Amino acid sequence: MSFSGKVHKVGAHIDTDAIIPARFLVTTDTAKLGEACMEGLEPGWVKRVHKGDIIVADRNFGCGSSREHAPLAIIGAGIRAVVAHSFARIFYRNAFNMGLMLLEVGDEVNKINDGDTLEISPEQGLIRDLDNGAEIRIPALSPMMQTLIDKGGMVNYVKEQLRLRGE
Amino acid sequence: MAMTLAQKILQMHTDEEVREPGQIVECSLSGVLANDITGPLAIKSFRAMGAKKVFDKDKVFLVMDHYTPQKDIASANQVIVSRRFAAEMGITHYYEGGCAGVEHALLPEKGLVKPGDLVIGADSHTCTYGGIGAFSTGLGSTDIACGMVLGRLWFKVPATIRVNIEGSMPRWIRGKDLILRLIGEIGVDGALYRALEFGGSALKDVDIEGRLCMANMAIEAGGKCGLFPSDDMTAAYCRAHGTPDPMALAADEGAEYERVVTMDVTDMEPVVACPHLPENTRPVSELSDIRVDQVVIGSCTNGRISDMRDAAEILRGRKVAKGVRCIVIPATPAVWRQAMDEGLFEVFSDAGCVISTPTCGPCLGGYMGVLGDGERCISTSNRNFRGRMGSLESELYLASPCVAAASAVTGAITGPDAL
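One line per chain: the protein sequences are A and B, in this order. Numbering-wise (our numbering), the first sequence opens with residue 50 and increments by one. Numbering-wise (our numbering), the second sequence opens with residue 22 and increments by one.
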């Protein structure tokens, strides 16, 4: 199933303090966290976002702390997916556990322009910039990531494990 | 197969045969950690999973350290969530108030982590325990909830970057300088998805607290863990901290490394990381015109007793420069008590420092030393992202306690030799 959204480009090494500064970590509410999404990058950044938009980032997106509030803030802001050159590893796991789709594309990220509309087709392994016509091929997800997506995230995966144990 | 330390420890915790990097293995866990910020989210996931009990009430650690003592209503309410959960589950190792210290200083000190363990924590600096030969790594709260329920979790076998430390350590060089130099060389994503493994002839000169400090910052290079062998020094530390029979551990001869980095420390001078990334490193002598408003000595990186002694050695008989706030934060109640017994508080107090109770506080811009617009701080903590310690318009430099204390005296970034 493909989806499309407007691109908001950000730079390299966007850290979790930029995504959601520590002073906002006094709640676990997704919508509330979403209101402060990227507040550490630029105050009021989130006002430009509409539901279904896409963040496009350079290298090492999500570096820094293990706070799961970071993917939650992005989800809470209405962002559907993040495309990046590369992701920091804790953030990568957290995002899939929370149901936020991440796509790692390396240098090809430079083909995408800020403000363009991006169409993402995970099954076909394809990202298209509908404004400049650029196409980026993406590899299939690893089996473990696919399992998590199929089960609907880590919570459902563990629920099933508990059921299998008869608890 | 000849194994790296990372492969070896993962193998001890799984029935599957550990082979090449990239392989995914399911492992049993020795410990699962969460704090006052990440605990409530893990507990929320725990409930959503429909779990009724934790896998082992002695192996789940809850440490209320980031905003301790609770700084406001919201943070107090978050601690209530963890406190009630701990009581309901009968969790043995719940720490709050006068029992709480900065988690990554507290757990090794209490002997809750030992060589060969596999530990996960809902805090990115969980990698600290690599300093005593434990494979430990930071994860998000939902992975932690899974660990709390099942006592098992999947891991990708990481490729390893071997770091050999050679030469002889100059007087004022500490583990902090070595790890800052490494991050400066390989970059903040230089070890992304990988394990760092430390070795070399100069390792004998890096004490266990220095190793814990270095492993702590593996994540600042993107690393999954930073591993040290478990040698005689490790054994002595562990025996003194409640583990009577610690395991010796070393990588196999002929283990495969993705890359080998060698650092000769012989002529090294102290290293400082400049704003706004830990990779922006410079020798301290190049920064002498940078004035500071605040100095922080503490954190899970440098809040241990050797760090307090280092700071006191520099501050003894000297004064903090006029207009500078120097905040000293012993990381745990035991460090606090030891510092007091050794007379270090007298030194800090005479110098004009603020002496805090144990907390993560200012490191993450929480409280107890938040920076305002345009203010500049040199800190012994681990991360200097823009806005990390407060205002987006503030600046943060990272250094060892020796450099931080010397800078407090002059009011500008200063190496101990320049005093």
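Read the hints as simulated data drawn from the structure, not as lab findings. In this text, all values refer to a predicted model and were calculated from it rather than measured experimentally. Mixed in with the good hints there might be a few duds.
[Unchecked claim] For lysine-lysine, the following DSSO-like pairs were computed, each having C-alpha atoms within a straight-line distance of at most 27 Å:
#1 B:Lys73 x A:Lys208
#2 A:Lys200 x B:Lys92
#3 B:Lys65 x A:Lys208
#4 A:Lys208 x B:Lys225
#5 A:Lys81 x B:Lys65
#6 B:Lys177 x A:Lys208
#7 B:Lys73 x A:Lys200
[Claimed, not checked] So the derived label-pair ranges between C-beta atoms look like this:
#8 A:Lys100 x B:Asp362: 57 to 63 Å
#9 B:Gln44 x A:Asp163: 49 to 55 Å
#10 B:Asp394 x A:His99: 30 to 36 Å
#11 B:Arg303 x A:Ser51: 24 to 30 Å
#12 A:Ser53 x B:Ser49: 41 to 47 Å
#13 A:Ala189 x B:Asp438: 54 to 60 Å
[Unchecked claim] Covered by chain A, per the in silico footprint, the following chain B stretches (three or more residues, Cβ under 8 Å):
#14 119-127
#15 161-167
#16 268-276
#17 332-339
#18 364-375
#19 385-394
C-beta: ideal position from N, C-alpha, C; glycine also.
Do the hints match the structure? See the list:
no. : hint                            : in the structure
1   : B:Lys73 x A:Lys208              : 11 Å, holds
2   : A:Lys200 x B:Lys92              : 39 Å, violated
3   : B:Lys65 x A:Lys208              : 14 Å, holds
4   : A:Lys208 x B:Lys225             : 47 Å, violated
5   : A:Lys81 x B:Lys65               : 16 Å, holds
6   : B:Lys177 x A:Lys208             : 22 Å, holds
7   : B:Lys73 x A:Lys200              : 21 Å, holds
8   : A:Lys100 x B:Asp362: 57 to 63 Å : 59 Å, holds
9   : B:Gln44 x A:Asp163: 49 to 55 Å  : 38 Å, violated
10  : B:Asp394 x A:His99: 30 to 36 Å  : 31 Å, holds
11  : B:Arg303 x A:Ser51: 24 to 30 Å  : 48 Å, violated
12  : A:Ser53 x B:Ser49: 41 to 47 Å   : 43 Å, holds
13  : A:Ala189 x B:Asp438: 54 to 60 Å : 56 Å, holds
14  : 119-127                         : violated (count 0)
15  : 161-167                         : holds (count 6)
16  : 268-276                         : violated (count 0)
17  : 332-339                         : violated (count 0)
18  : 364-375                         : violated (count 0)
19  : 385-394                         : holds (count 3)
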